[in-house]
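S.K.: So the chains spell out like this:
There are 2 protein chains.
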Amino acid sequence: MQGHTIYFDNRPKIIATATVAGPKETEGIVGKYVDLPLNNDMFNEETYEKAERKMLAYAIEKSIQNANLAKEKVDLLISGDLLNQIISASFAARQFGIPFLGVYSACSTMSEAFALSASMVNAGYADTVVAATGSHFSSAERQYRYPLELGCTRPPQSQWTVTGAGSAVISNKGEGVSITAATFGKVVDFGVTDVNNMGAAMAPAAADSLLTHFKDTGLAPEDYDLILTGDLGALGSRILKDLMWEKGVDISANHVDCGEVIYKVIEDEFQGGSGAGCSAVVFNSYIYDKMMRRGEIKKVLFAATGALLSTTSSQQGDSIPCISHAVVLER
Amino acid sequence: MQGHTIYFDNRPKIIATATVAGPKETEGIVGKYVDLPLNNDMFNEETYEKAERKMLAYAIEKSIQNANLAKEKVDLLISGDLLNQIISASFAARQFGIPFLGVYSACSTMSEAFALSASMVNAGYADTVVAATGSHFSSAERQYRYPLELGCTRPPQSQWTVTGAGSAVISNKGEGVSITAATFGKVVDFGVTDVNNMGAAMAPAAADSLLTHFKDTGLAPEDYDLILTGDLGALGSRILKDLMWEKGVDISANHVDCGEVIYKVIEDEFQGGSGAGCSAVVFNSYIYDKMMRRGEIKKVLFAATGALLSTTSSQQGDSIPCISHAVVLER
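Here the protein sequences come in this chain order: E and Y. Under UniProt numbering, residues 1 to 331 are what the first sequence spells out, in order. Under UniProt numbering, residues 1 to 331 are what the second sequence spells out, in order.
Errors might be hidden in some of the hints.
Copies of the same chain look alike in the list, so a pair counts if it works inside one copy or between any two.
[To be verified] No farther apart than 30 angstroms at their CA atoms in a straight line, the calculated lysine-lysine pairs in the DSSO-like style are these: (1) K71 <-> K215; (2) K73 <-> K215; (3) K71 <-> K247; (4) K62 <-> K73; (5) K247 <-> K264; (6) K73 <-> K247; (7) K290 <-> K73; (8) K290 <-> K62.
Note that these hints are calculated values from the structure, not bench results. On a predicted model such as this, the values are computed, not experimentally measured, just so you know.
With these hints in hand, go ahead and build the complete structure from the sequences.
M.R.: Structure below.
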């Protein structure tokens, strides 16, 4: 490890991805690229939690299919989600019989899973690993905030949890987007206590990981075609750019936040999208297609961002610790 | 990966450990070996959750001290716990400034963290990794079952969540117990729905991982001085031995379960101890000392066991999916 960054010299590759997303999500830029756009966010299930689980299982299964693999060829599934005890991931894993590593990193789960998957494949421990995560607006609302039935007003700084899931197959064989490095984030807490203002809470963690990455690697923002954060939303993205600017690093030319761009009419969703599914859907559909099929961008620094609070920690007066793991993706 | 097992040829070592445990726990076999036996399970904090977090942070810090390292020398902290959104781990990580990987594997967190730590050190990604977890009886009761104030009767098949935390420093330098292989578990669910009978739910997952391990490695139970499961308790351990016996594998001569042995008077705690802290405390105090200082045992197969349910999954009628990750420890 040089600083907080590790390098994957064997260039493990994302050889296939799959995504599923709800009706509101597929109205936006990802709509053309998701494998399964849902008409109904219940996905023929009885509860939101079961719908979330089904989306995640769908994405995992479809990504393995898209890689033309039998599921017996997958050595490891690395997954987590936002629900208590990551039940979406654990229950989805139950149906595959693949060795399972549960991870929790809130909305930075996608990049933590990419970093770990690449670590396992690059070292030769595994030939093929699946990394997946997802979220559901309605299960997240009732777990983290209020039951939807209460009809609570959402404040203007809030974000909308993405209903969707994304999965990627990382392998030592085949064609795809290589994962060439990972910078592990540390927990950063600037003292934000407003649970409706996740963007402000997470921006310092994203800034910390991006600055660490540039310092460790000697690279600069212009070395990347795209610097992709997870779900800071409009406000959080502005704070991130300001924090970076203060340290003399200007990312404004090539920064895009998945949360800021996922919804068509941003005004309705206030600051944009959030949730583990946000960057999972945007990266594994729109961005992966842009790198692979369309060949429009070559090198991406992907830093999903997570807020590590729980309702208990907030109720006991704690502020919101956040984290961001960054991975380098190259075509 | 051969089958579900990976090998660590560079023999990353557990060079130091540290543990802390509550008054009930330190009355038993671990009492002489924990770094900090608590007189009061509140640990001078206002809430059970904050006491749990403080124990975990104590164990992490003390293990780094016991390894004679500065915390800046630790490349990565891998931790998780039983509370929603693993807040004990995330908030403990906040105070160290070490890159943090959050994991969730219920009560098999200790062996998942060992497997991942060894993976990172063996591959040369990191020189030194800290793996840690813990639990607290009172925070677990009110999150998973009932508030203590209700005074609910505990059924005879129940287990007692261990109040305690354990941490280990895994390094490519120094003397210690080597982690030489890991068998990643898959999610196994035999349809148990009784949330008070975790031992019965988890035993099939432990059996699956142990059988997979013996098959992958060609080893047999007698190749180990000790086969150490996490927190099956008395009933779960009996079920495990039966399930193994049915497959022609007899582990009765050298199997010990951390949950079965942690408490002095097992009748009071019914089936014994459970919780992520159970195997974390027993391994990192009593067993580590037995391997290192006393030199009484050389080769241990450590398979912590986890039940991946949440209150939501149980309330929605789901059975209890379980998992067990196994690691080989050699002196």
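S.K.: For every hint, state whether the structure bears it out.
M.R.: Here is how each hint holds up against the structure:
1. Taking identical chains as interchangeable, the C-alpha atoms of K71 and K215 lie at most 30 angstroms apart only when they sit on different chains, with a minimum of 20 angstroms there against 39 angstroms within one chain.
2. Taking the shortest Cα distances, K73 and K215 sit within 30 angstroms of each other only across copies (18 angstroms), while inside one copy they are farther apart (38 angstroms).
3. With identical chains, the CA atoms of K71 and K247 are at most 30 angstroms apart between copies only, with a shortest distance of 25 angstroms across copies and 46 angstroms within one.
4. For a Cα distance limit of 30 angstroms, the shortest separation of K62 from K73 inside one copy, 14 angstroms, qualifies, whereas the shortest one across copies, 42 angstroms, does not.
5. In this homomeric assembly, K247 and K264 never come within 30 angstroms of each other (Cα to Cα): the closest approach is 32 angstroms inside a single copy and 57 angstroms across copies.
6. In this assembly of identical chains, K73 and K247 lie within 30 angstroms of each other by CA distance solely across copies; the values are 25 angstroms between and 46 angstroms within a copy.
7. For the identical chains of this complex, K290 and K73 are intra-copy neighbours only, at 27 angstroms inside a copy versus 40 angstroms across copies, given an alpha-carbon limit of 30 angstroms.
8. Only within a single protomer do K290 and K62 lie at most 30 angstroms apart by alpha-carbon distance; the minimum there is 19 angstroms, versus 48 angstroms between protomers.
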